[in-house]
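Numbering (full-length UniProt numbering), first residue to last: 1 to 404.
Hints may be right or wrong, so weigh each one.
Claimed, not checked - Think about it this way: if two alpha-carbon atoms lie no more than 27 Å apart in a straight line, the pair counts; the simulated DSS-like pairs of lysine-lysine are:
| id | residue 1 | residue 2 |
| --- | --- | --- |
| 1 | 97 | 402 |
| 2 | 355 | 380 |
| 3 | 380 | 366 |
| 4 | 310 | 227 |
| 5 | 191 | 399 |
Because the hints were derived from the structure by calculation, they are not lab data.
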Amino acid sequence: MKARALQSASLCRAVAARTLPTSSFYRSIRSASSISQRPESDFVSFPGALKSAFTNTLQFQHPQEWTALPTYRVVDQNGTIVDPSFKPDIPEETIVKLYTDMVYISILDVIMFDAQRQGRLSFYMVSAGEEAVPVGSSSVLDREDVIFCQYREQGCFRERGFTTKQFMAQLFANREDSGRGRNMPIHYGCKELNIHTISSTIGTQLPHAAGSAYAQRMAKLRDPSSKPLITVAYLGEGAASGADFHAALNIAATRSCPIIYICRNNGYAISTPTLDQYRGDGIASRGIGYGIDTIRVDGNDIWAVREAVKRARQIAIEDGGKPVLIEALTYRVSHHSTSDDSFAYRARVEVEDWKRRDNPITRLRKWMENNGMWDDAKEKEARDRLRKEILKGISEAEKEKKPP
1 MKARALQSAS LCRAVAARTL PTSSFYRSIR SASSISQRPE SDFVSFPGAL KSAFTNTLQF
61 QHPQEWTALP TYRVVDQNGT IVDPSFKPDI PEETIVKLYT DMVYISILDV IMFDAQRQGR
121 LSFYMVSAGE EAVPVGSSSV LDREDVIFCQ YREQGCFRER GFTTKQFMAQ LFANREDSGR
181 GRNMPIHYGC KELNIHTISS TIGTQLPHAA GSAYAQRMAK LRDPSSKPLI TVAYLGEGAA
241 SGADFHAALN IAATRSCPII YICRNNGYAI STPTLDQYRG DGIASRGIGY GIDTIRVDGN
301 DIWAVREAVK RARQIAIEDG GKPVLIEALT YRVSHHSTSD DSFAYRARVE VEDWKRRDNP
361 ITRLRKWMEN NGMWDDAKEK EARDRLRKEI LKGISEAEKE KKPP
């Protein structure tokens, strides 16, 4: 205990002096924790499992005997509040913006999917059925928080102010594209909005995001008076099957990085269903194994997503920084991409049932109607206006010259 107290004092002095702890500092902490076994102790002192109690019972742990992690939600499929303590903390106009941002993305996806089929662009990926996760989560972040997307986070860009012109410039690879047409369609990025450019390679953004968060932690140590910021990284459950996911969570945990990993578990990694991806309790249970604060939420409930991410951000900046994992359960209504026919590996009736029974846009609309904020006339006006905006953007983008 004395050794640990000395290490804490050393860290305080380092912060006060605005100097960073050295590698020898971390090695000394490791040595201080690796004390020998205390006589007659009920708990092990091995450095690999300091919280483990001794037992004389030979017993293996069976995953099926553990209770599955619960799924947090605020509003059910009928738009009815199931959490009596919930009260929206934003004005009506902001709620309407959340809704219209999701509607915008859904209309954009339909139009651009058809445009690809017409040969007007080479490729497209939609986020139908998953709009609440990116829109809801990004709406509670600080504008200076850094975002690393996968490829179904168009809602993050829209919520932060990415314009139709910017969407179209990237999709049609014209000279207005900030990437100068060097990337595939839907690989958006915007330095001004603190959103890194999307990468095709699955999962590579996850360790990059951990590095970003670690840099934020170091910056805060250098200047304790600076604004606390975090990094947010999005992924699908398929990416959680890759090595980068595990490396990223491990370094984020061991280096106390202020980061939120948001996993959209939509049921399919292209054509691979979750049953063939893992046998454990989804993705959330893995966070606990890495010592990361974790929650599972209803990803079709934008209010649940907002509340979870809002609290996760507070956790991430506490005590100098720590990672959080959020598993958002949702369903991929669309094909994986324009290169995929999902009806080759799943029943059409399954997709239609999800469209009819539970959709994040429909759920929020029902809640808004229940609270007198929305009606059919407003719905028609919004959809007509957004559709015209997108079609106009396509027309202008196709006329624009290509990059030199």
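Quick rundown of the hints versus the structure:
1. 97 with 402: Not satisfied, since the Cα-Cα distance of roughly 33 Å exceeds 27 Å.
2. 355 with 380: holds (19 Å)
3. 380 with 366: Within the cut-off at roughly 15 Å; holds.
4. 310 with 227: holds (17 Å)
5. 191 with 399: holds (25 Å)
When each numbered hint is compared with the structure, a violation occurs for hint 1 only.
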